[in-house]
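Q: Chain residues, written in single-letter form:
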Amino acid sequence: MILGKNLYSKSSKILNFLRVINKVIPNFWNSSFGRQKELDSFQRPMGAPALTLIESGELRCTSCMLCQEICPSFCIKIETPEYAEEEAAPLNFDINILKCTFCGLCEEACPVDAIRMVGPMPIAGHSEQNWVWDKEYLSTYAGELKSKVADDRPLMP
Amino acid sequence: MFDFQEQEDLDLIESRKRLLENIKLEFKDNLTLATDENICVVVKPSNYIEQVLTLKNEMGFNFFLNLWISDNHQNNETFDLMVQVLNMDTHQRAILTCPISIGEIVPSLSDIYQGAFWCEQESWDMFGVLFEEIPRERLLSPDGIEGFSLRKNFKPAPFTLKQVKAYTFSPDPRVSREDWKKREVSQFSMFNGEVNGPVKVVMETYDDVIERGRLEIGYLHRGVEKIFENLSVNQIMPHLSRINSNCPTMYQQVWCHGIEKFLDIYIPDRAKALRMVFNELDRIFEHLDSLGRIVDSLGCKPFLHDVIEMREAIVKVTQKYSGSRITGQFICLGGVIRDVPKGWLTECLNLLNFLERRVQEVTKHISNSTLWMSRLCQFELNSKQAMDWGVSGPNLRASGVNYDMRKVSPHYFYSDLDFEVPLGINGQCYDRYLVRVEEIYQSLSIISQLLDNLPLGDTRSKDHRIMVPRKQDVYSDSNSLIQHFKFYDSGLIIPEGEFYSSIESPNGELGFYVHSNGTKFLNRVKLRTPGFYSGQCFSDIVEGGTIEELPLVINSLNLVMGEIDR
Chain A
101 MILGKNLYSK
111 SSKILNFLRV
121 INKVIPNFWN
131 SSFGRQKELD
141 SFQRPMGAPA
151 LTLIESGELR
161 CTSCMLCQEI
171 CPSFCIKIET
181 PEYAEEEAAP
191 LNFDINILKC
201 TFCGLCEEAC
211 PVDAIRMVGP
221 MPIAGHSEQN
231 WVWDKEYLST
241 YAGELKSKVA
251 DDRPLMP
Chain B
356 MFDFQEQEDL
366 DLIESRKRLL
376 ENIKLEFKDN
386 LTLATDENIC
396 VVVKPSNYIE
406 QVLTLKNEMG
416 FNFFLNLWIS
426 DNHQNNETFD
436 LMVQVLNMDT
446 HQRAILTCPI
456 SIGEIVPSLS
466 DIYQGAFWCE
476 QESWDMFGVL
486 FEEIPRERLL
496 SPDGIEGFSL
506 RKNFKPAPFT
516 LKQVKAYTFS
526 PDPRVSREDW
536 KKREVSQFSM
546 FNGEVNGPVK
556 VVMETYDDVI
566 ERGRLEIGYL
576 HRGVEKIFEN
586 LSVNQIMPHL
596 SRINSNCPTM
606 YQQVWCHGIE
616 KFLDIYIPDR
626 AKALRMVFNE
636 LDRIFEHLDS
646 LGRIVDSLGC
656 KPFLHDVIEM
666 REAIVKVTQK
676 YSGSRITGQF
686 ICLGGVIRDV
696 PKGWLTECLN
706 LLNFLERRVQ
716 EVTKHISNST
726 LWMSRLCQFE
736 LNSKQAMDWG
746 VSGPNLRASG
756 VNYDMRKVSP
766 HYFYSDLDFE
776 VPLGINGQCY
786 DRYLVRVEEI
796 YQSLSIISQL
806 LDNLPLGDTR
816 SKDHRIMVPR
826 KQDVYSDSNS
836 LIQHFKFYDS
846 GLIIPEGEFY
856 SSIESPNGEL
866 GFYVHSNGTK
876 FLNRVKLRTP
886 GFYSGQCFSD
896 IVEGGTIEEL
906 PLVINSLNLV
916 MGEIDR
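Top to bottom, those sequences are chains A and B. Quick note on this note's numbering: the first sequence kicks off at 101 and runs consecutively. Quick note on this note's numbering: the second sequence kicks off at 356 and runs consecutively.
No lab work stands behind these hints, which were simulated from the structure alone. Misleading hints may appear alongside valid ones.
For each label pair, taking beta carbons as the anchor points, the in silico distance ranges come out as [unchecked claim]:
(1) A:F128 / B:R680: 22 to 32 Å
(2) B:E702 / A:I125: 12 to 22 Å
(3) A:K123 / B:E571: 53 to 63 Å
These figures come from a predicted structure and were not determined experimentally. Don't be surprised by glycine CBs; every beta carbon is placed ideally from N, CA and C.
With the rest of the complex left out, here is chain A:
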């Protein structure tokens, strides 16, 4: 049994206190001297999708079409060049943001870290506004990504 009910009953009160104080003091130390900020900043954002860029300013996407195929609401549309070399950037990359459910499956499926869910984006506007976001629009707010990404998954070099 994993969840033994008699876990704490065998040892004495002093031992229990020592065991607990062993964990409380470092926790208290960390929380009072700056570690708390790290904890608060850990928020995996699940906002609007964005395309990431490499340092030269081009799209990282290699148009492997995995995100288009995995999307459960069929909102991603990728156009590839007709005679493509091995890894080619897409001609068009459109996301219909009204269909998107922000589930994050595209981010999970991407093998080169080209698409990301970024923090809370205000997505409100007029009905005549263009709700199909193209690759220019999707990549403009990717520049701010580096400050928002959590420590456990750095951007790919």
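Given the coordinates of chain A, assemble chain B onto it according to the supplied hints.
A: Same frame as chain A, but now just chain B:
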């Protein structure tokens, strides 16, 4: 010392053996599967009613679970009619399969199990299967649609909405005809957020008192089961969490649990415990929602704000883990997506402390107040009615039936946990409210036990069929890249067969029936949502109420329209 628990287990095993022997004698060659949990029988249409009656009266299968049509032959001529019933002593579920051809008129089950009424009407709506004595009206899909939407040869076409005549009640046999003619028929639509989703009530009133009432559903129908036929196993996951947004992880949990059981996939202990934590958090979330809506329908606004504050506290903690506010996407095939972040456990424990204090504070003021009791001590649902309609969960327990799937057929670590099943006595709104409040305390204790003894280790299974390599490896290693592509491109292919899996959701038994024919897309997914059966008993309990009390009745049963209409 004499061990009662052990003796009970032995008794259970023996009674199961006896039942299986009886069934083998009765059905002989027609028995296709007989295990400790599930029994499958194939019957002919000619003796279909007799077999159901023998199951109910002689074998003790007295609880109606589900009735549905499945297109397993794929020739557009024969369908499988499936009936699922539960034996509450041995906790076994029996599925009767009855192949029927397209024009055949099938005898109705609604005299034997009352709960079959809506199911049979839905089968006509979706597949065009004819039943005796069942009105041929659209239950879920809009009036005016042509064809039957779950058939394989259905092609969606634009249609115009048809104006249907309002429902008319037949003469009431309990009163004289002259008295009946004095009654007024009126309709009351609730589209304003008073109840969880849009719904319409058609009722017969006399002097402001409701004599008979009837729920009209289908205003939130999205055709989820049809959508699932064109999606792979992974793509279905985000859709599941949006069926009932109060308990998103429950639906994903049933889905993953069923597939993992069918494919024999081992899940790490830490993932199991984390899944249980989130399930119980969802249970609290759903019960708080119900409490808040009851309070709102009686007009106590201050308590409503307290409840919203509590719900917001839960949302904040789950958001730290999943990233999104309510419909988080973190349960995946083979475990949970990632481990909890540093310091999350402490925050969760703080949350439990906060919730316990606040729930005590709120319920202390209202539980014993005479005003509250006078409003809530009505609308009785007795245990026989509840079992006839197929009502499960807190609504069933409020009428005194001790049946909780976490106790009787526990999955994961529920058998090792220390918790109790709260029961009601009268089955009134007050009992339903009290049972829900007590279940919140029990869930809090379950979570604290789990967090105290959280096992160490991985959070994702390493089975080769569902394993996803780490992101860091995918960037650098070509083998991992190939595996990554293979998993996300072709998806998980479920081998030919069928399975049923169920767990105890906040509103009752939530089950999925899945039939696969070995391709990427599934042939049929049928959801047994608990609200669909609780919704039917509304017509039984609403008698004698007034129009202002309609939201109270619906909210005390906790009917979530997204769950009912699917």
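Q: Is the hinted range of 53 to 63 Å satisfied by the C-beta distance from K123 of chain A to E571 of chain B?
A: holds, 57 Å
Q: Between E702 of chain B and I125 of chain A, is the Cβ distance one that fits in 12 to 22 Å?
A: The hinted range 12 to 22 Å holds for E702 of chain B and I125 of chain A, with Cβ atoms some 19 Å apart.
Q: Using the beta carbons of F128 of chain A and R680 of chain B, state whether their distance is inside 22 to 32 Å or not.
A: holds, 30 Å
Checked against the numbered hints given earlier, this structure breaks none of them.
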